[in-house]
Amino acid sequence: MLTESFSLKISSNHLTCEMATKISNAAMFGLSPENMSSHEHLPLELDSSFLNTSTIIALCVFFALLCACIIIGHLLEEHRWANESITALLLGLCAGGVVLLVRKGASSHLLKFSEDLFFLYLLPPIIFNAGFQVKKKRFFKNFSTILLFGIFGTVISFCIISLGVFWIFRKIGVESLSLKDHLAIGAIMSATDSVCTLQVLSQDETPFLYSIVFGEGVVNDATSIVLFNSVQTLDFHNIDGLTVLKLIGTFLYLLFTSTALGIAVGLLSAFIIKTLYFGRHSTDREFALMILMAYLSYLLAELLNLSGILTVFFCGIVMSHYTWHNVTESSRITTKHAFATMSFIAETFIFLYVGMDALDIDKWRESKASAGTSAAVSSTLFALVLVGRAAFVFPIANILNCVQKSESSKIHFKQQFIMWWAGLMRGAVTIALSYNQFASYMRKSPESALMITSTIIVVLFSTIVCGSVTKPLIEAVLLRHRKPMVSDFTDNVSLEDLRVLLLESGDPSNSNNNQPARRASSLRLLIRHPTTTVHYFWRKFDDRFMRPMFGGRGFVPFVPSTPTGAADESSSA
Numbered sequence: 245m246l247t248e249s250f251s252l253k254i255s256s257n258h259l260t261c262e263m264a265t266k267i268s269n270a271a272m273f274g275l276s277p278e279n280m281s282s283h284e285h286l287p288l289e290l291d292s293s294f295l296n297t298s299t300i301i302a303l304c305v306f307f308a309l310l311c312a313c314i315i316i317g318h319l320l321e322e323h324r325w326a327n328e329s330i331t332a333l334l335l336g337l338c339a340g341g342v343v344l345l346v347r348k349g350a351s352s353h354l355l356k357f358s359e360d361l362f363f364l365y366l367l368p369p370i371i372f373n374a375g376f377q378v379k380k381k382r383f384f385k386n387f388s389t390i391l392l393f394g395i396f397g398t399v400i401s402f403c404i405i406s407l408g409v410f411w412i413f414r415k416i417g418v419e420s421l422s423l424k425d426h427l428a429i430g431a432i433m434s435a436t437d438s439v440c441t442l443q444v445l446s447q448d449e450t451p452f453l454y455s456i457v458f459g460e461g462v463v464n465d466a467t468s469i470v471l472f473n474s475v476q477t478l479d480f481h482n483i484d485g486l487t488v489l490k491l492i493g494t495f496l497y498l499l500f501t502s503t504a505l506g507i508a509v510g511l512l513s514a515f516i517i518k519t520l521y522f523g524r525h526s527t528d529r530e531f532a533l534m535i536l537m538a539y540l541s542y543l544l545a546e547l548l549n550l551s552g553i554l555t556v557f558f559c560g561i562v563m564s565h566y567t568w569h570n571v572t573e574s575s576r577i578t579t580k581h582a583f584a585t586m587s588f589i590a591e592t593f594i595f596l597y598v599g600m601d602a603l604d605i606d607k608w609r610e611s612k613a614s615a616g617t618s619a620a621v622s623s624t625l626f627a628l629v630l631v632g633r634a635a636f637v638f639p640i641a642n643i644l645n646c647v648q649k650s651e652s653s654k655i656h657f658k659q660q661f662i663m664w665w666a667g668l669m670r671g672a673v674t675i676a677l678s679y680n681q682f683a684s685y686m687r688k689s690p691e692s693a694l695m696i697t698s699t700i701i702v703v704l705f706s707t708i709v710c711g712s713v714t715k716p717l718i719e720a721v722l723l724r725h726r727k728p729m730v731s732d733f734t735d736n737v738s739l740e741d742l743r744v745l746l747l748e749s750g751d752p753s754n755s756n757n758n759q760p761a762r763r764a765s766s767l768r769l770l771i772r773h774p775t776t777t778v779h780y781f782w783r784k785f786d787d788r789f790m791r792p793m794f795g796g797r798g799f800v801p802f803v804p805s806t807p808t809g810a811a812d813e814s815s816s817a
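Take any residue in the sequence shown, note its place counting from 1, add 244, and you have its number in this note's numbering.
There's no promise every hint is true.
What the hints assert, rightly or not - Using C-beta positions, here's what the derived DEER-type ranges look like: (1) H656 - F480: 18 to 28 Å; (2) I577 - V342: 17 to 27 Å; (3) L303 - R788: 46 to 56 Å.
Unchecked claim - Below, a list of computed lysine-lysine pairs in the DSS-like style, where the Cα atoms sit at most 30 Å apart: (4) K415 - K654; (5) K381 - K688; (6) K715 - K490; (7) K415 - K658; (8) K490 - K580; (9) K688 - K612; (10) K348 - K580; (11) K379 - K658; (12) K688 - K380; (13) K379 - K612; (14) K688 - K379; (15) K784 - K424; (16) K381 - K612; (17) K424 - K380; (18) K380 - K658; (19) K612 - K424.
Rather than coming from a laboratory, the hints here were simulated on the basis of the structure.
Positions of the beta carbon are idealized from the N, C-alpha and C atoms, including for glycine.
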């Protein structure tokens, strides 16, 4: 009897663990226990799989659609309006419609949006690759401009959208939203998605514009999420004059600490790989350590309630500047292509996910809103996006044009228009933040469901309609294949560097008078040429202190099995 009871207990524990595994796998893909396949109720001897049928079906559908997106994207490479983001979104909508027809419109929880899947598995590789592949010299040359548009501009958009929602929604009839909800909507709708524009712009033909749009897009996403998290931490039941100061303080704290954490983890990875020489035994360990430490930086930021996007982005920049040069040649090729591939797959997966989740019929039923109300709310949100974007792009650009003395550094009106247009699209970050704010089980209300459905409408409209017009619009505005604009020439950097060197050494015209050249002060250089001066002195600091400790360009790891190592051994002999 003791043996039988013990065996029964083991069997029951095995079944419990197996069911828990199936439920957790289902939860990762948005499956609920009541929607699991009926084969769960079959006898044990007929159920030999550790995964339920619904999970396998969901994976098969998504992987088949990913393959279809890659093939269709390749066939439409030269098309005037289509790109891979729009293709993935349309395929997701079609697949969601097929699932609704198969299930006869009863439920679509099979395609439920999962915030954990998005924020923990899909977003980190995209943001890390953006920092890892960024043209650092061009990015930091325009760093002050990028920060103005990405941080200050996003805050302006956040304020305009929040005030507009607070004022207009009450006239439409949406009155149950709190002040926290209005501010959260401002942060949600401020998160741009410039993927469609970046797929059209060329780094070679329009380097200046590409750098601004790319950098502002990344900083904008991070700023929007930091603003959203700052809003969540405030106590709106006790609002006083210090509330705005607390919001600003929380925002600055998250901004600087997240950046510092990403830099620290990136430097730590560079120091470990440079010191231990993993390539002596296995290049796989180098690659594995880079991936794990990059992902660890994101998880640490989320664990400390910081901005994981900012952390992993600057971790990618530091790794590309130091760590990538410390690994072997084969690992450099592997990491470069592997990070780009993971980012591409995750990005396509997100658009498929958003497209399929848009046809979750339960959300539309819960909103209980008429077609007129839903259209009014969605139109209001998109109109505020247009106004909020224009309220900072054109003023900031013209202010910078007044400050800049060099014609090559000015942002012309055509470029301003492209920058304004690039920020109109909304994507997966907007969807995820909307779910975070309004999809909680504690807030089952028609207004919350209405906010989610309206956000989905804005994302679909902006991505499909505005995204499809992006390519012909940019070609028409920028007059592609004609003479490039002054600010897109790439040789201005070298001229400015030479100018700084001359200023630092002194005025060469005085040398003819047999007078010693007067050395310009660092403060004078910083005031007259801030960006170039900071870059010049950073290079000096980097070469003297940082690279000897953390490696970087010029550091060649000693690996006996490589041609470099063999040459070193022969020379030493």
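**Asked** Quick check: which numbered hints come out false for this structure?
**Response** 1, 2, 4, 5, 6, 7, 8, 10, 12, 13, 14, 15, 16 and 17
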